[in-house]
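Required output: the full structure, derived from the provided sequences and hints.
Number of protein chains: 2
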Amino acid sequence: EIVEAVGAQLGTGPLAGRHVIVTSGPTHEPIDPVRYLANRSSGAQGTALAQALVRLGARVTFVTGPARAARPVGCTVVEVETAIQMQDAVTAALPADAAIFAAAVADWRMQAETGSKIKKQAGGAPPSLDLTENPDILKGIAGLESGRPQLVVGFAAETDDVVAHATAKRARKGCDWIVANDVRPETGIMGGTDNAVTLITEDGAEDWPLMSKRDVARRLADRIAKALG
Amino acid sequence: EIVEAVGAQLGTGPLAGRHVIVTSGPTHEPIDPVRYLANRSSGAQGTALAQALVRLGARVTFVTGPARAARPVGCTVVEVETAIQMQDAVTAALPADAAIFAAAVADWRMQAETGSKIKKQAGGAPPSLDLTENPDILKGIAGLESGRPQLVVGFAAETDDVVAHATAKRARKGCDWIVANDVRPETGIMGGTDNAVTLITEDGAEDWPLMSKRDVARRLADRIAKALG
Chain V
110 EIVEAVGAQL GTGPLAGRHV IVTSGPTHEP IDPVRYLANR SSGAQGTALA QALVRLGARV
170 TFVTGPARAA RPVGCTVVEV ETAIQMQDAV TAALPADAAI FAAAVADWRM QAETGSKIKK
230 QAGGAPPSLD LTENPDILKG IAGLESGRPQ LVVGFAAETD DVVAHATAKR ARKGCDWIVA
290 NDVRPETGIM GGTDNAVTLI TEDGAEDWPL MSKRDVARRL ADRIAKALG
Chain P
110 EIVEAVGAQL GTGPLAGRHV IVTSGPTHEP IDPVRYLANR SSGAQGTALA QALVRLGARV
170 TFVTGPARAA RPVGCTVVEV ETAIQMQDAV TAALPADAAI FAAAVADWRM QAETGSKIKK
230 QAGGAPPSLD LTENPDILKG IAGLESGRPQ LVVGFAAETD DVVAHATAKR ARKGCDWIVA
290 NDVRPETGIM GGTDNAVTLI TEDGAEDWPL MSKRDVARRL ADRIAKALG
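Protein chains in written order, with this note's numbering: chain V, 110 to 338; chain P, 110 to 338.
To be clear, the hints were calculated from the coordinates, so they are not data collected in a lab. One or more hints might be untrue.
Identical copies carry no separate label here, and so any pair may be met within one copy or between two of them.
Cut-off 25 Å, straight-line C-alpha distance, at most; resulting in silico cross-link-like pairs (PhoX-like, lysine-lysine) [unchecked claim]: (1) K226 x K278; (2) K335 x K278; (3) K248 x K229; (4) K278 x K229; (5) K335 x K226; (6) K229 x K335; (7) K248 x K226; (8) K248 x K228; (9) K278 x K228.
Okay, structure coming up:
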């Protein structure tokens with residue numbers, strides 16, 4: 110890993126001189142001072158991808174939510190908690206040649222976070238959690254009029270109709286590629302070490318065989334290097 | 110730690126021959142296959158307490174939610190995720206001489222967990238999260254007609270009026286003691302290494318000075334040993 114970092118500093122490899130932003134991990138959206146909304150993203154795939162990009166010589170800004178995975182080496186690491194903080198960090202990291210959105214950003218946050226812990230009322234009804242939509246970071250960056258990264262890649266965690274949902278997501282977000290995976294609990298992908306992805310590009314859907322997240326990362330990094338030419 | 114475990118097996122110490130159940134950590138309540146409700150409990154205080162009880166010779170059943178803290182040594186460890194699983198594990202561990210409920214159990218869970226990931230609808234309203242109350246494990250055990258542990262201790266994480274809220278909680282739950290702490294973010298207690306607790310007993314409120322969670326655990330374990338005689 111030290112060798113990788115030095116390689117990047119020396120500007121060797123097919124991505125030398127390129128800046129890539131990678132987001133990773135879950136976001137946590139506070140409900141009150143002790144409770145929050147979360148998701149099961151471990152950050153493993155995003156971390157492996159950042160590491161693979163460093164290996165190819167890229168300068169990587171790694172924007173991560175509170176993930177279990179150890180942080181990648183040789184990147185600029187920006188730690189955030191919420192979707193809004195992640196959006197701010199991505200925007201601050203521009204310009205970039207590519208932006209890869211591997212984080213599992215919460216779709217919703219609380220309309221208003223309460224400063225005091227919500228108390229359980231004896232005999233009372235449970236509180237209603239009034240949600241509001243989080244900013245769509247992928248769509249925002251993909252739709253930039255000026256300063257759009259040359260390559261914008263989203264991830265899609267699906268539990269059914271993976272290709273159809275992911276193809277629709279690519280069109281809706283205006284991004285170049287979608288890396289889709291099937292996160293039904295029985296696949297063991299979310300939180301696991303292996304991944305079976307489908308890469309959606311303008312040419313259609315490409316099923317990759319089940320392989321380790323590290324191998325998915327290397328293959329994807331190679332594709333990114335080719336796309337950036 | 111090996112010495113502690115052996116000490117417990119040899120039946121030495123003031124709690125030799127006693128069985129204590131300790132719950133610890135957060136619970137996670139699933140929303141759908143990828144999202145869940147969580148809280149910021151690290152499990153540090155419950156883990157330290159279990160370890161201190163082992164040191165005094167107790168046989169400890171440690172029922173823990175998905176906590177960051179390393180598991181205590183020399184205990185029977187039962188890993189759970191949800192409040193209902195925690196209740197089942199505690200019930201299965203009875204009979205016990207004492208039960209210490211240090212876990213931050215979620216007050217609410219989803220009325221119905223969906224088997225598919227909830228999709229964001231373009232232009233649609235955010236989903237409403239319909240909650241229902243979780244079982245009250247502390248109250249259930251404290252109110253047992255037969256087989257109630259001799260000493261039942263609850264924890265209270267409060268953000269305001271700590272003594273008033275915790276004293277009311279002691280009466281409402283029917284437990285013997287409440288260990289109350291102030292979890293306002295500015296105290297740094299939730300997730301931190303120190304703790305400032307107020308012990309609520311039938312004799313009133315006793316403020317303990319700020320000390321490490323390990324020292325809180327030792328002092329509390331000593332008190333438990335005295336209470337069990």
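Each hint, compared with the structure:
In this homomeric assembly, K226 and K278 come within 25 Å of each other (Cα to Cα) only across copies, at 15 Å, whereas the closest approach inside a single copy is 37 Å. In this homomeric assembly, K335 and K278 come within 25 Å of each other (Cα to Cα) only inside a single copy, at 23 Å, whereas the closest approach across copies is 63 Å. Taking the shortest alpha-carbon separations for K248 and K229, only the inter-copy value of 14 Å comes in at or below 25 Å, while the best intra-copy value is 38 Å. For the homomeric pair K278 and K229, the shortest alpha-carbon distance between copies (11 Å) is at most 25 Å, but the shortest distance inside one copy (39 Å) is not.
For the homomeric pair K335 and K226, neither the shortest alpha-carbon distance inside one copy (51 Å) nor that between copies (33 Å) is at most 25 Å. Taking the shortest Cα distances, K229 and K335 never come within 25 Å of each other, neither inside one copy (56 Å) nor across copies (33 Å). Proximity of K248 to K226 under the C-alpha cut-off of 25 Å is restricted to the inter-copy arrangement: shortest distance 20 Å between copies versus 34 Å within a copy. In this assembly of identical chains, the alpha carbons of K248 and K228 lie at most 25 Å apart only when taken from different copies (16 Å versus 37 Å within one copy).
Proximity of K278 and K228 under a CA criterion of 25 Å is satisfied inter-copy only: 11 Å between copies versus 39 Å inside one chain copy.
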